[in-house]
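Sequences and hints are given; from them, build the entire structure.
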Amino acid sequence: MIQRRGWKRWLLALAVLHGIVAFAGFFAPYDPTEQDRERPYLPPMKIHLVDAQGHFHLRPFFYAEHLRGGSFDQFEETTDHAIPLRFFVSGARYRLLGLLPSRMHLFGAQASRIYLLGSDAYGRDQFSRILYGGQISLSAGLLGAGLTLFFGTLIGATAGYYGGWRDGLLMRVAELFVALPWLYLLFALRAFLPLAVSPLQAFFLIITVIGAVGWARPARLVRGVVLSAKERDFVRAARGFGATDGYLLRRHILPETSSVILTQAAILVPQFVLAEMTLSFLGLGVPEPMPSWGSLLTNLQQYSVLVSSWWMYAPALAIVPFFLVYLGLASALQQDAGTGKIEKTTDGT
Amino acid sequence: MRYLLHRLLQAVFLLIGVSILTFLFSALAPGSYFDEMRLNPQISPETVAALRAQYQLDRPLPVRYMRWANSLLHGELGFSFAYNSPVAPLLWVRARNTLLLTVIATLLAWALALPLGIWSATTLGRSPDRALSGVTAALLVIPDLVLALGLLIFAVRTGWFPTGGMVSVGFENLSPLQRLRDISLHMELPVIALVLSALPILVRHVRAAVADVLSTPFLRAAASHGLQRRTLLYRYALRAAANPLISLFGLSMGALLSGSLVIEVVMSWPGLGPLLLEAILARDLYVVIGGVLCSTIFLVAGNLLADALLYLADPRIRTEAAAR
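These protein sequence lines are chains A and B, in that order.
In terms of the numbering used here, the first sequence opens at residue 1 and continues consecutively.
In terms of the numbering used here, the second sequence opens at residue 1 and continues consecutively.
Rather than coming from a laboratory, the hints here were simulated on the basis of the structure.
Treat the hints with care, since some could be wrong.
[To be verified] Here are some chain B residues the structure puts well away from chain A; computed CB gaps all over 12 Å: (1) Leu8; (2) Val48; (3) Arg52; (4) Leu73; (5) Tyr83; (6) Ser127; (7) Trp160; (8) Val169; (9) Glu172; (10) Glu188; (11) Ile192; (12) Phe218; (13) Ala240; (14) Leu309; (15) Ile317.
[Stated by the list, open to error] Among the chain B residues that face chain A by a calculated CB cut under 8 Å, a handful are: (16) Phe25; (17) Ser26; (18) Leu261; (19) Ser295; (20) Thr296; (21) Leu299.
Ideal Cβ placement from N, Cα and C applies to all residues, glycine included.
Given below as structure tokens:
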């Protein structure tokens, strides 16, 4: 029973993380494309409670930043004027979940923009961009995993249920796909698709590529379950009563595969989010101005950014909690399924 | 021996399959290397068409595949448009660098994972095991891209490691010993990244396998006979646990190759990764195919090595193969 509660806790954490990204418009103080050319590569601002005169403020505040005299990239705080942090403020327009128009933001400030995680080369708010970027990266991972599992289940069920030459052919092809180092395969497939495309096209292209590459592993697992399920007594009995193949698969056999598919989903989603990140980082994925975790990291390919603007690394860290929760969920699900050998299949080669 | 030959034959068929698969993918490609030339008003459409004809890009797919297979037999692997040279020599230099990185990282990762995993398994549930499990869990949730970038920032800010490339400026003027030193200094960072990304999974598997074996009756009996701990662990337990670990050795090559692709690009190590990326961006068809094939050969070779080791380590496979 403890284990059951275990995976529910992971699921809750997952819902919270995805919720924050899904409601990026509310949690992010600014529009991800809004520029501030006066403040490029601004380091993360500090939130204070005690001001320069040593007075304590109940409401957290920050100082606006200006260029230090004589420099062109060093900022310092304007300590004579404290700007209070305000919550539930009205700001840039956005559409909640892409539907409801709203102007409400969790936090913000008047007088000056607040950069919780600094700004990029165009003075765009890094924090807002990470949240919006998560929408692209996570939906690519989720849709890619959905596509992969759909193909995997379809192919695995066909191979396992019908057997014979179909099984032989499909499993040979699956072997090919498993044999390739999967990132190389992903690259190869991407290589042969158009390079110069609009961000939205690129997004769907990535999902298709990711979805088409990973099907072999789930297909093999599903095939194994289907093979054993179709010999069960109740399935034989149903067939004896004259049930059609479609009915048998839908009603009796595919439900058996649900735990395998769920576990695979928990393993595949973070892996595919990372795949999107890697492709975009290398310039093969979703391009500017659409933020994604991968394209946000492309800044780090410049040496000067690596040396002096460490906060540009923050988008990379955004994926870590998702990895943690998905892996936790996967191993909890595996434990629940009673496989005993925990943490063995959580690696993706 | 039949067992190994059988495996080798399987591997060859697998490679043929992979090459056909990549060719099929390439048939989907909407553009080619010469497309950009069409935009150039100074190059006439006839020239582009002539170039396409020269490289046989206008021929049907099976013909192209046969020609490619033919050039493979001549040790060329097709022709690179961007480098204007056969693919094989290009690939060979890069593959050597990738191999250098991954082989050292694999050996190092296993050399660390075995004692750590065994230590973890012998202290199951007590503090060393808990601490190690915590560390492996922490490493497991840091993806290789994040790890590589983090290490790079660390290296750049501290200046403790040389970053980028494989050799320093003026490498040609160094003595052989200094060259070796220079390369190994440049290798440190990518190898650390690769080892750290591979380590958690390996440690967990070693731990699970050894813990499984330690609870078997024959090892309990051996322990109660008063066998020395080291003999018990390394002579008996490790041997009994070796079977799944050797299979994992083959699989870990695949993970390391994929990992090294990212790490090479991030740390600008002149291996297959950067070559493949450039080739993709330039639509250099045969280099992409060659790169993918090359990585598959490494993976298949790793698996074959694992099969051979398994054959040596597990008497059951030997007798099974002999009985067949």
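Checked hints:
no.	hint	result
1	Leu8	holds, 14 Å
2	Val48	holds, 18 Å
3	Arg52	holds, 17 Å
4	Leu73	holds, 22 Å
5	Tyr83	holds, 16 Å
6	Ser127	holds, 19 Å
7	Trp160	holds, 14 Å
8	Val169	holds, 15 Å
9	Glu172	holds, 24 Å
10	Glu188	holds, 17 Å
11	Ile192	holds, 17 Å
12	Phe218	holds, 20 Å
13	Ala240	holds, 16 Å
14	Leu309	holds, 18 Å
15	Ile317	holds, 20 Å
16	Phe25	holds, 5 Å
17	Ser26	holds, 5 Å
18	Leu261	holds, 5 Å
19	Ser295	holds, 4 Å
20	Thr296	holds, 6 Å
21	Leu299	holds, 6 Å
Going down the numbered hints, you'll see the structure goes against none, and every one checks out.
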